[in-house]
Amino acid sequence: MSLQLENISLRVDGQSHIHSTSLTLEKSTMNVLLGPTLSGKTSLMRLMAGLDLPTTGRILWNGKDVTKNRVQDRDIAMVYQQFINYPSMSVYENIASPLRIMKKSKSEIDRAVNKSADLMKLGPYLHRKPLELSGGQQQRCALARALVKESGLVLLDEPLANLDYKLREELRAEIPKIFAESGAIFVYATTEPEEALLLGGNTATLHQGTITQFNKTSQVYHQPQNTITAKTFSNPPMNFLKLTKAGSNITLGDNARIDVEPSNQSFDKASANGKELTAADNFNHLPDGDYIAGFRSNHLELHRHNSQSIAFSATLNITEITGSETFLHMNYDNDHWVGLVHGVHDLALGEKLEVFLDPSHIYTFGLDGNIVSSASYAKEI
Amino acid sequence: MAKITLSNLAHSYSKTPNSPDDFALKTIDHVWEDGSAYALLGPSGCGKSTLLNIISGLLAPSQGQVLFDDKDVTNASTSERNIAQVFQFPVVYDTMTVRQNLAFPLKNRKLGADYISDRVTAVANMIGVQDFLDDKANGLTADAKQKISLGRGIVREDVNAILFDEPLTVIDPQMKWELRTQLKALHQQLGHTMIYVTHDQTEALTFADKVVVMSEGEVVQVGTPTELFERPAHTFVGFFIGSPGMNILPVTVVGNKAMIGNHPIQLSSTYENLSGTIEMGIRPEYIRLSKEPSGLAIKIQRVEDVGHHKIVRAIHSIDGQTIDINVIVKEGIEISDDMQYLVFEREKINIYANQWRQEGSAPI
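Keeping their order, the protein sequence lines are chains E and F. Heads up: the first sequence at position 306 corresponds to 306 in the working numbering, and the numbers run straight through without jumps. Converting from the second sequence to the working numbering requires adding 1000 to each position, the first position being numbered 1.
Derived by calculation from the structure, the hints in this document are not laboratory data. Warning: the hint list may mix true and false statements.
As the list claims (entries may be wrong) - Pairs of lysine to aspartate or glutamate, EDC-like flavour, derived with a Cα cap of 20 Å:
{"id": "1", "chain 1": "F", "residue 1": "1176", "chain 2": "E", "residue 2": "254"}
{"id": "2", "chain 1": "F", "residue 1": "1299", "chain 2": "F", "residue 2": "1285"}
{"id": "3", "chain 1": "E", "residue 1": "104", "chain 2": "E", "residue 2": "73"}
{"id": "4", "chain 1": "E", "residue 1": "177", "chain 2": "F", "residue 2": "1165"}
{"id": "5", "chain 1": "E", "residue 1": "166", "chain 2": "F", "residue 2": "1172"}
{"id": "6", "chain 1": "E", "residue 1": "103", "chain 2": "E", "residue 2": "164"}
{"id": "7", "chain 1": "F", "residue 1": "1176", "chain 2": "E", "residue 2": "150"}
{"id": "8", "chain 1": "E", "residue 1": "242", "chain 2": "E", "residue 2": "254"}
{"id": "9", "chain 1": "E", "residue 1": "166", "chain 2": "F", "residue 2": "1165"}
{"id": "10", "chain 1": "F", "residue 1": "1310", "chain 2": "E", "residue 2": "254"}
{"id": "11", "chain 1": "F", "residue 1": "1310", "chain 2": "E", "residue 2": "174"}
{"id": "12", "chain 1": "F", "residue 1": "1176", "chain 2": "E", "residue 2": "192"}
{"id": "13", "chain 1": "E", "residue 1": "379", "chain 2": "F", "residue 2": "1172"}
Stated by the list, open to error - Stretch-level coverage of chain E by chain F, calculated; a stretch enters the list once three of its residues show a Cβ under 8 Å from a Cβ in chain F:
{"id": "14", "segment": "115-128"}
{"id": "15", "segment": "182-193"}
{"id": "16", "segment": "201-209"}
{"id": "17", "segment": "314-323"}
{"id": "18", "segment": "327-340"}
Keep in mind that this is a model prediction, so the values were computed, not measured. Ideal Cβ placement from N, Cα and C applies to all residues, glycine included.
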């Protein structure tokens, strides 16, 4: 079983919604479409479903061209952000409805509905009407209906977006389990990086109608190929600053400088895996020039983590406490940074704050935004 | 600006309520201090919107009083209460420019043109829309429209309070950061009493000085983010705050020892005369995976990598039953197969009787 998009594009009223895209999804995979609103997630799903006809390109299902097949004639199920159920039918009938259309026997329907309802923890509510259920249960009902058909392709368009935070957490943990049992190709659209990480599988990051990267989820997260993917897949957003290498001098932003010559280091060298490293080792393979350095908020620290760490003097604007962690909003060298540090910290606002960054957590991008060198900590993941 | 007092307040949507369950809002006494930033946090249906509507004057309570400073406003209309509100969906006049939208609440109050012009410019700078003040609102993105709604909420300087009803729900995660930080900065600049209703713990904890947590029509705890995290007053707060929430484990407690089945756990306080259902609360952040058999034996079911940490889903077996326990492991710490035990951080354990937190005494 496979779904293949071959040079698919979509133009509506002269505007390009999806730029030419090729993508192959294999049997038994969870595929996350990650991107902000209007990045093309829903458009791409509608093309996969056959709800819209692509302007160019072909869609192949198990190698067979299905581009022009109607949605009814395809092997798909779809769940939307809004909970869509038939309000006048019981939960049982809602879940059974696709099977009735398929003219399955009564006993087959009964078996499949009960199985699907059990999986979605709807067993006790089969005789209720959808509106007598909580929001979470209503969406479970829609999910059960999508699963009962045992379609080869299941499309989930931000299915948890309208649910309370805690319900979302619960269903997020369950969806990968359900999917593991079904063997279908799942496509799941979300705006939230954390959701993509929890779902695992593969992730395609979308930006303005283009897939910027597609690979295993943890790989896209740890080895973004460009600044757009890195931004899309970071929450809080990735922090950036300029990096200049001139001979033995590496300058980060305006006021942090590290020297390639180890003898110039003012602090002791660190020993990692028996090999002596200096901060500069992370950069000395770069040709001279200007770069964009990027790092995630949780890698910024209030204390020197090890001797290689680079110190930055930033201005603290706002702190936000989440209970166990503190978000630091600061300005450094005209860039806005967010830091996420463990513990609760009460720090003076508007003042200079010294923060530290281990250079092994820095991604180096070219000025065109493409990756030059992944953060060394992430290369082994 | 005003202090808002809720006195013996309760509400039922039924005209003839005859049991506590008929009340969407159970009896509440609470003072919202002047100039503070509050969040009202709870799941759908917990009564937080009912409470907000009573404060704003959209709903008359079945019982009790609402006071602004010391004036009874229980039966006053929304406009008489002089409050500003920002809703979940942007409320913007599409045919007007951004400038006209921001000026609207001031024009309604017939303020002078010079004042309006200065004030609109000041607010536009605060919320970062100064560069498109003369654009029509209908071409703007949802984020920009919601910024304008926020701007209209803060444009009047004389309001008693500003109420926010899930203002960031429709905003993309990345943009949420910007808007939330802006709101927090605005609160520091303006010093208005602000009440922010949300079901999202991150929004509540990061915005507020104090968070009011509601469950099933009842306020279960009012506290700072740290208090809610470290010492949840009720197991619901422990569960609702944190991701995943606090682990709530059935125990028996004797003195300064808790027993999970036959496994003893040393506590930092002593508890006497506990009665009812006794549980121990421990956050996933405060549990460590260990190879030492002196810890609580578990089996790891699944590990979820969320980037800056991993969530370990483990189970402990007791008399043929299993209890789920979540553990958070920081990035960079390896999880090996021989880690089959858990160690709890003693100082971080809370003890609950019938779901309410018990205060222990120092061990003798």
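Handout entry: Coverage claim, chain F over the segment 314-323 of chain E, checked by counting residues with Cβ within 8 Å (three needed)
Key = holds (count 6)
Practice task
Given the hint that residue 177 of chain E pairs with residue 1165 of chain F, test it: the Cα-Cα distance must not exceed 20 Å.
Solution key: Given that 20 Å is the threshold and the Cα spacing comes to 34 Å, the pair is violated.
Handout entry: 20 Å Cα cutoff - pair residue 1176 of chain F, residue 192 of chain E
Key = At roughly 11 Å apart (the allowed maximum being 20 Å), residue 192 of chain E and residue 1176 of chain F satisfy the hint.
Practice task
Given the hint that residue 1310 of chain F pairs with residue 174 of chain E, test it: the Cα-Cα distance must not exceed 20 Å.
Solution key: It holds: about 17 Å lies between the C-alpha atoms, which stays within 20 Å.
Handout entry: Given coverage of the segment 327-340 of chain E by chain F, checked by CB-CB distance under 8 Å (3 or more)
Key = n = 4 at 8 Å, threshold three: holds.
Handout entry: residue 166 of chain E paired with residue 1165 of chain F [C-alpha distance capped at 20 Å]
Key = holds, 18 Å
Exercise for the section: Take a quick look at whether residue 103 of chain E and residue 164 of chain E sit within 20 Å of each other, Cα to Cα. Expected result: Outside the cut-off at roughly 36 Å; violated.
Practice task
Please work out if residue 242 of chain E and residue 254 of chain E have their alpha carbons no farther apart than 20 Å.
Solution key: holds, 8 Å
Handout entry: Restraint status (C-alpha distance of residue 166 of chain E to residue 1172 of chain F at most 20 Å)
Key = Cα-Cα ~18 Å, so holds.
Practice task
Quickly compare the C-alpha distance for residue 1310 of chain F and residue 254 of chain E to 20 Å and report which way the hint goes.
Solution key: Given that 20 Å is the threshold and the Cα spacing comes to 35 Å, the pair is violated.
Problem - Hinted pair residue 104 of chain E and residue 73 of chain E, Cα distance within 20 Å - result: holds, 17 Å
Practice task
Please count how many residues of the segment 115-128 of chain E have a CB within 8 Å of a CB from chain F and say whether that reaches 3.
Solution key: n = 0 at 8 Å, threshold three: violated.
Hints 1, 4, 6, 7, 10, 13, 14 and 16 from the earlier list are contradicted by this structure; the remaining hints agree with it.
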